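Read off the chains here:
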Amino acid sequence: MTALRPGGRPSPSMPVGIGVRGRPVLRTAFGVLLVFWILVPLVPLVLWSVAGLWQVPAVLPGTYSLDAFAVLAVPGTLAAALSSLLLGGTVAVIATPLGLMGALAAQALPGRCGRAVDLILLLPLAVPPFALVMGANITLLRLHVPAFAGVVLLLVVVALPYTTFMFRSALATYEQRFEDVALTLGADPRQVLRHVRAPLLSAATVRAFFLAFLVGWGDYITTLLVGGGQLTTLPMLLGSAAASTGNEQLVAVLSLAVIIPPVLILAAVALPATIRTRARKPARTPAGTWVRALTRKAGL
Amino acid sequence: MSSKLEARSISRSFGSTEVLHAVSLTVPPSECVALLGASGSGKSTLLRIIAGLDAPSGGHVLVDGEDLAMVPVERRGMALVFQKALLFPHLNVIDNVAFAARMAGTRRKEARAEAMDYLELVHLADYARRPVGSLSGGQEQRVALARALARNPRILLLDEPFASLDVQLRHTMYDLIGDIRAQLAPTIVVVTHDRQEASILADTIAVLDDGRILQHGTVHQVHYQPATRTVNELLGGLNTVPGMVSDGHHHSVLGSLPVQTGATDGPSDLMIRQEALTLVPARGPTSRLTSGSAGGEPPTIKGCVSGLTSLGARTLVRVLVSSENPTGTRHGSSADPPPEVSERSLIAGGPLNLGNTEASGVTLTVDVPGHPPLLSGQVITLSLQDQRAWAVPTE
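Order-wise, the sequence lines are chains Z and S. Our numbering puts the first residue of the first sequence at 1, with every later residue one more than the last. Our numbering puts the first residue of the second sequence at 1001, with every later residue one more than the last.
Some hints could be false.
Stated by the list, open to error - To give a feel for the contact side, a few chain Z residues facing chain S, derived at Cβ under 10 Å:
| no. | residue |
| --- | --- |
| 1 | 180 |
| 2 | 185 |
| 3 | 186 |
Stated by the list, open to error - Within a straight-line C-alpha distance of at most 20 Å, the following computed DMTMM-like cross-link-like pairs (lysine to aspartate or glutamate) qualify:
| no. | chain 1 | residue 1 | chain 2 | residue 2 |
| --- | --- | --- | --- | --- |
| 4 | S | 1109 | S | 1126 |
| 5 | S | 1004 | S | 1067 |
| 6 | S | 1109 | S | 1120 |
| 7 | S | 1084 | Z | 179 |
| 8 | S | 1084 | Z | 175 |
| 9 | S | 1084 | S | 1054 |
For the record, the hints were derived by calculation from the structure and aren't laboratory data. This one's a predicted model, so the numbers in the text were calculated from it and none came from an experiment. Using N, Cα and C, we set each Cβ at its ideal position, and we do this for glycine too.
Between the sequences and the hints, there should be enough to build the whole structure, so can you do that?
In structure tokens:
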């Protein structure tokens, strides 16, 4: 019995069923499991948000109500959402270009120096946020740094490894000769930046921006400790609601309010690319799909 | 559109490594020059310096007499096509070709209209609206060519542009370059390591080795009148015979052969291209070999077949010529028949290295059409066409 190895040569020991048909089935199964892994925890949350009365040991709510969603229209909630948006956006706006510069520096430096820069830029991932905040909090207070600025400053440090990693991966496969070609075609360095480098790195830029935004949007610890209660964001509202009992519906709705906006942004960014990819000949790489989908407006 | 290009004493060092050593090259307007060399010979570095993508450590690049030292890449009026097409993935085919016009400030509609002309030139007008990811390798390269031509360059630089294409596609591209030259007559510098490609595309070939131009001449010159043994080898010459030049003749294990006028007396290598040798039909064992120039016939060399290598439609025949059996024809010498070659001794001790000499003789390689019915050890006679023996001082 023979089957195909990844290299295409028949393997005498591998049954046909596993070699040719079994692997896709396994892959699909693992994919479905992964989706369940992510979605299943959200199910109780969704149920709680619409539950009128849900008592133990009932598997499902006894009654359903949308009353808890009224909290979303409360001015305080809207203000908190705006604060979260502002915080996430500010962190992303600062951390994204810093990540690009860090990645460029790490790439430009030879051997050990480049790896040292990589290590430094990834270091915040190794430090627990709580420890980072406690260490920096006193210093920020002594320097009279405003709460919002202090929170942004620390969250940018937390976001930097993500943005750097995104750009590092993109630059690793970036073909510098695209810029050489553009130059010889008469593009000046500014045009090269706008019409070649920016579109080619836009997929990584969007991903980096999104991750940095999430760091600011969903932060609780840093906002609580450095903000000192002066900065009220959605996670802060959620935290205070969750601190007391009997607010399960409210907590669920606020949780969804924190979760859904980023998911919508992700869908808005990714779905058109997926639809376009299916509509025409498939792009060669996922990265290529991102590039084409996300940068069409940035091109010529 | 076309301009004269001059590279004067271009040097380039990376740290302590000198990649180019005072290279000088002149390309007349509308001519095509091939920079031929092995990997690492410095040919791509020279091309990048000409394009302005790299700065020379010394020397100057001039176009129509103007020194380009202070002229940035984008204002040099050149276009470069790499081995990889490098089409911008975020633009479709026509917008790739329209890129140069757009950068020059042309409106999109006009730029696309111009681009369409160049797409028609490369026979890809029907592919204008396609994403570049849907093109084949050959189509990508044609779009890259169209994109470069749409720049309307004074000089077109090609850096091994067809190396990644299969043989059939490559020949299609050669035809395309021929069409482009006929229609637009650009000055072209093409970098390649393929001597056949260089010969097809270029008017002249500059042979680079170790950062130096060893010879710059016509296709015929670099093949049949190589400046050095290295040039001969880079151009695929398989026969190099060491010896001594005196009085216009090269004396070696082959005997005495007339060489080019002006050959320097002293230790020299004799270059005989495998294509310049032909097999002489057998005249019987007792036939006398006629004199070369004295008899009005080309010089002949007698030897023993030591191996055959099929090239498909052609065959390389390796012929061992013993020192006991030098040239059948000795110019100006006696017309005595040469001593017969001992087939057994030749087979037993015959070297198989192409063009290498052994103490007992030398192996010559002959490129013949088809599949000659020869047997190993068979004694044959070779004729040297047009007296194309070329001697260069030993390196």
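Could you tell me which of the hints above the structure violates, numbers in ascending order? Violated hints: none; all satisfied.
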